[in-house]
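Construct the entire structure; sequences and hints are all you get.
So you can see what is in the structure, the chains are spelled out below.
There are 2 protein chains.
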Amino acid sequence: MLDESVYIKPGERIDDLQRASLRIIQNPKTLCFGVDAVLLAHFARAKPGECVCDLGTGNGIVALLVCALYPVRHVHAVEIQAQLCDMARRSVAMNGLSSKITIHQLDLRSAADRLGHGTFDLVLSNPPYLPKDTGLLNPSSTLAVSRHEISCSLSDVATASAKLLKNRGRAALVYRADRTAQLLSTLSQARLEPKRIRCVHSKPGTDACLILVEAVKLARPGVVVRPPLFLRDSDGKASAEMEQLYKGGTLLV
Amino acid sequence: MLDESVYIKPGERIDDLQRASLRIIQNPKTLCFGVDAVLLAHFARAKPGECVCDLGTGNGIVALLVCALYPVRHVHAVEIQAQLCDMARRSVAMNGLSSKITIHQLDLRSAADRLGHGTFDLVLSNPPYLPKDTGLLNPSSTLAVSRHEISCSLSDVATASAKLLKNRGRAALVYRADRTAQLLSTLSQARLEPKRIRCVHSKPGTDACLILVEAVKLARPGVVVRPPLFLRDSDGKASAEMEQLYKGGTLLV
Chain A
1 MLDESVYIKP GERIDDLQRA SLRIIQNPKT LCFGVDAVLL AHFARAKPGE
51 CVCDLGTGNG IVALLVCALY PVRHVHAVEI QAQLCDMARR SVAMNGLSSK
101 ITIHQLDLRS AADRLGHGTF DLVLSNPPYL PKDTGLLNPS STLAVSRHEI
151 SCSLSDVATA SAKLLKNRGR AALVYRADRT AQLLSTLSQA RLEPKRIRCV
201 HSKPGTDACL ILVEAVKLAR PGVVVRPPLF LRDSDGKASA EMEQLYKGGT
251 LLV
Chain B
1001 MLDESVYIKP GERIDDLQRA SLRIIQNPKT LCFGVDAVLL AHFARAKPGE
1051 CVCDLGTGNG IVALLVCALY PVRHVHAVEI QAQLCDMARR SVAMNGLSSK
1101 ITIHQLDLRS AADRLGHGTF DLVLSNPPYL PKDTGLLNPS STLAVSRHEI
1151 SCSLSDVATA SAKLLKNRGR AALVYRADRT AQLLSTLSQA RLEPKRIRCV
1201 HSKPGTDACL ILVEAVKLAR PGVVVRPPLF LRDSDGKASA EMEQLYKGGT
1251 LLV
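Top line first, the protein sequences correspond to chains A and B. The numbering used here applies: residue 1 is where the first sequence begins, and numbers increase by one. The numbering used here applies: residue 1001 is where the second sequence begins, and numbers increase by one.
Keep in mind that the hints were calculated from the coordinates and are not lab data. All figures in this text were calculated on a predicted structure; none of them were measured in a lab. Check before you lean on any hint, since a few could be wrong.
Per label pair, the in silico range of CB-to-CB distance [said to hold, decoys possible]:
1. A:Glu-243 - B:Asp-1235: 16 to 26 Å
2. A:Arg-168 - B:Ala-1082: 38 to 48 Å
3. A:Asp-16 - B:Pro-1071: 51 to 61 Å
4. B:Ser-1099 - A:Glu-243: 54 to 64 Å
5. A:Gly-96 - B:Asn-1167: 52 to 62 Å
6. B:Leu-1069 - A:Gln-244: 35 to 45 Å
Cut-off 16 Å, straight-line C-alpha distance, at most; resulting in silico cross-link-like pairs (EDC-like, lysine to aspartate or glutamate) [stated by the list, open to error]:
7. A:Lys-195 - B:Asp-1207
8. B:Lys-1009 - B:Asp-1086
9. B:Lys-1195 - A:Asp-178
10. B:Lys-1166 - B:Asp-1121
11. A:Lys-203 - A:Asp-235
12. B:Lys-1203 - B:Asp-1233
13. A:Lys-100 - A:Glu-50
14. B:Lys-1195 - A:Asp-207
15. B:Lys-1029 - B:Asp-1015
16. B:Lys-1203 - B:Glu-1241
17. A:Lys-195 - B:Asp-1178
18. A:Lys-166 - A:Glu-50
Chain A side only, calculated, beta carbon under 7 Å to chain B, not exhaustive [stated by the list, open to error]:
19. Ala-177
20. Thr-180
21. Ala-181
22. Gln-182
23. Leu-184
24. Ser-185
25. Ser-188
26. Pro-194
27. Asp-207
28. Pro-221
29. Gly-222
30. Val-223
31. Val-224
32. Val-225
33. Pro-228
Beta carbons: idealized from backbone N, C-alpha and C, even for Gly.
Right, dumping it as structure tokens:
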């Protein structure tokens, strides 16, 4: 059995993704993936042979899950932070996926210039949630860049996605529910027309915490608002749908 | 007992609103109110003493329900079609609400010039759902004007609402769920910031059929996506929440 400890650095740990024997390297002090990444990967519905771009991949979680869930051709994952790129590359290598996933240390605003305009079938993103003027933050920290709009705004993500996508290509995003209106407007302005929405609630009777949106480049207006997704039932147990996603695993955070 | 037949014309009928002894005159050949009007009136949450405008009131259903539900100061209801204004006025008179509700036969695009700019606390609208280039329609018919964007576009409704409202005043709208993205973008463009959203599903597990949105004039971005509203339970019976709205009545359509 392969000794995975050769892949990790001090402060990091290896977590099991409970799917296709995948493992991921995480550092609890910088960034651990959450339920949003898992939901996005499932929501994305990549088709066989598609070419996928993951904008702001962090430690590579969405790229890894997409490869585990769908027989895509290749995932190009873009991340501006060197430390996270390094961690993501080691996770990719550890899983033997170096031929399927390429990690690019790149500002997503220049992603299309480097990876090709109009070349992707699907662009995924779990963008920074918080406007940069909210909350206390240390702009030099890995976590701040990942959570706040320091390196890129929502509009940057939409513009970059539109450039990367073929006509009729899809962008799939997960975002904080309280920014739903901005997300939909920003996508429309970038000519990414929202076509499928799903609201995520922690349990029945609560406000949505996250929103999942699929938008299609240059599509006609008209969106399907899918049934709500509840993370837990009223009694606090994981909902049947989440059980299905996690297959009884321990990913729920 | 008052003989209500003096209020109605051939082809019309009087329906009981099951609330505060209210009755409404309807003509099944032109327009009968639906669940959307009932949901909008409940969603609107008018406060005591508020001045309310209902844009595109049709037969007056939302104006009547708002008066039944909330101790508002006055409802100014705007409707472009003479036949519907006539029907709405007779419903208002029949219910003894002529001092509370005024029906204005008016193009909503000139509503602010006639009723006052920046004078309303709350504007309600159940706008035409269908772009005018969709579906077969007879542009001369009452039903076509009510259902299609013939006399006004969604953007006209948003612009008119923004003019009528005080700063921090609220617009509450009900709309087809498949036009959610356009509705939110159009409101934002009119500087009506979406602050509260509710998706309406016919039953659990189905796509949303309607969306309810409250937007606040000149507010900061940030919206609450409230729990979904299900019209019926999985077994097809009216949901507890709808039972509550209708108080066991027969309004459900």
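Okay, the hints, checked on the actual structure:
Range check, Glu-243 (chain A) to Asp-1235 (chain B): about 23 Å between beta-carbon atoms, so the 16 to 26 Å window is met. Between Arg-168 (chain A) and Ala-1082 (chain B) the Cβ separation comes to about 46 Å, which falls inside the hinted range of 38 to 48 Å. Against the hinted window of 51 to 61 Å, the Cβ-Cβ separation of Asp-16 (chain A) and Pro-1071 (chain B) comes to about 59 Å, which satisfies the hint. Checking the proposed 54 to 64 Å range against Ser-1099 (chain B) and Glu-243 (chain A) shows it holds: the Cβ atoms sit about 58 Å from each other.
Between Gly-96 (chain A) and Asn-1167 (chain B) the C-beta distance comes to about 60 Å, which sits within the given range of 52 to 62 Å. Taking 35 to 45 Å as the suggested C-beta distance range, the pair Leu-1069 (chain B) and Gln-244 (chain A) conforms, at roughly 41 Å. With a CA separation close to 12 Å, the supplied pair Lys-195 (chain A) and Asp-1207 (chain B) stays within the 16 Å bound. Our distance criterion of 16 Å between C-alpha atoms is met by Lys-1009 (chain B) and Asp-1086 (chain B), whose separation comes to about 10 Å.
At most 16 Å may separate the alpha-carbon atoms for a hinted pair to count; Lys-1195 (chain B) and Asp-178 (chain A) meet this at roughly 9 Å. For the hint linking Lys-1166 (chain B) to Asp-1121 (chain B), the alpha-carbon distance of about 6 Å falls within 16 Å, and the restraint holds. A distance of roughly 9 Å separates the Cα atoms of Lys-203 (chain A) and Asp-235 (chain A); the hinted pair therefore holds under the 16 Å criterion. For the hint pairing Lys-1203 (chain B) with Asp-1233 (chain B), the CA-to-CA distance comes to about 6 Å; that is within 16 Å, so the pair holds.
Using a Cα cut-off of 16 Å, the hinted pair Lys-100 (chain A) and Glu-50 (chain A) holds, with the two alpha carbons roughly 12 Å apart. Under the criterion of a C-alpha separation no larger than 16 Å, the hint pairing Lys-1195 (chain B) with Asp-207 (chain A) is consistent with the structure, at around 12 Å. Of the supplied pair hints, the one linking Lys-1029 (chain B) and Asp-1015 (chain B) holds, its CA atoms being roughly 15 Å apart against a limit of 16 Å. Between Lys-1203 (chain B) and Glu-1241 (chain B) the alpha-carbon distance is near 12 Å, which keeps this suggested pair within the 16 Å criterion.
Between the alpha carbons of Lys-195 (chain A) and Asp-1178 (chain B) the distance comes to roughly 9 Å, so the proposed pair stays at or under 16 Å and holds. With a CA separation close to 11 Å, the supplied pair Lys-166 (chain A) and Glu-50 (chain A) stays within the 16 Å bound. Restraint check, Ala-177 (chain A) versus chain B: the minimum CB separation of about 5 Å is within 7 Å; hint holds. Given hint, Thr-180 (chain A) at the interface with chain B, holds; its Cβ is 5 Å from that chain's nearest Cβ, closer than 7 Å.
At a threshold of 7 Å, the smallest CB-CB gap from Ala-181 (chain A) to chain B is about 4 Å, leaving the interface hint in force. Interface restraint check: Gln-182 (chain A) against chain B, minimum CB-CB distance 5 Å, threshold 7 Å, status holds. Proximity of Leu-184 (chain A) to chain B holds as hinted, the smallest CB-CB distance being about 5 Å (cut-off 7 Å). For Ser-185 (chain A), the interface hint holds, since its Cβ comes within 7 Å of a Cβ in chain B; the closest pair sits about 5 Å apart.
Taking 7 Å as the C-beta cut-off, the interface hint given for Ser-188 (chain A) holds, the closest approach to chain B being about 5 Å. The interface hint given for Pro-194 (chain A) is met, as the beta carbon of that residue sits about 4 Å from the closest beta carbon of chain B, less than 7 Å. The closest approach between the C-beta of Asp-207 (chain A) and any C-beta of chain B is roughly 5 Å, which is under the 7 Å cut-off, so the hint is satisfied. Checking Pro-221 (chain A) against chain B: minimum C-beta separation of about 5 Å stays under 7 Å; hint holds.
Because the beta carbon of Gly-222 (chain A) sits about 5 Å from the nearest beta carbon in chain B, less than 7 Å, this interface hint is met. Given the 7 Å rule on beta carbons, the hint for Val-223 (chain A) holds: about 5 Å separates it from the nearest Cβ of chain B. With a cut of 7 Å, the hint placing Val-224 (chain A) at the interface with chain B holds, because the nearest CB-to-CB distance is about 5 Å. Checking Val-225 (chain A) against chain B by beta carbon gives a least distance of about 4 Å; that is within 7 Å, so the hint holds.
Here the hint on Pro-228 (chain A) is kept, as its CB sits about 5 Å from the closest CB of chain B, short of 7 Å.
In summary, the structure agrees with every hint in the numbered list given earlier.
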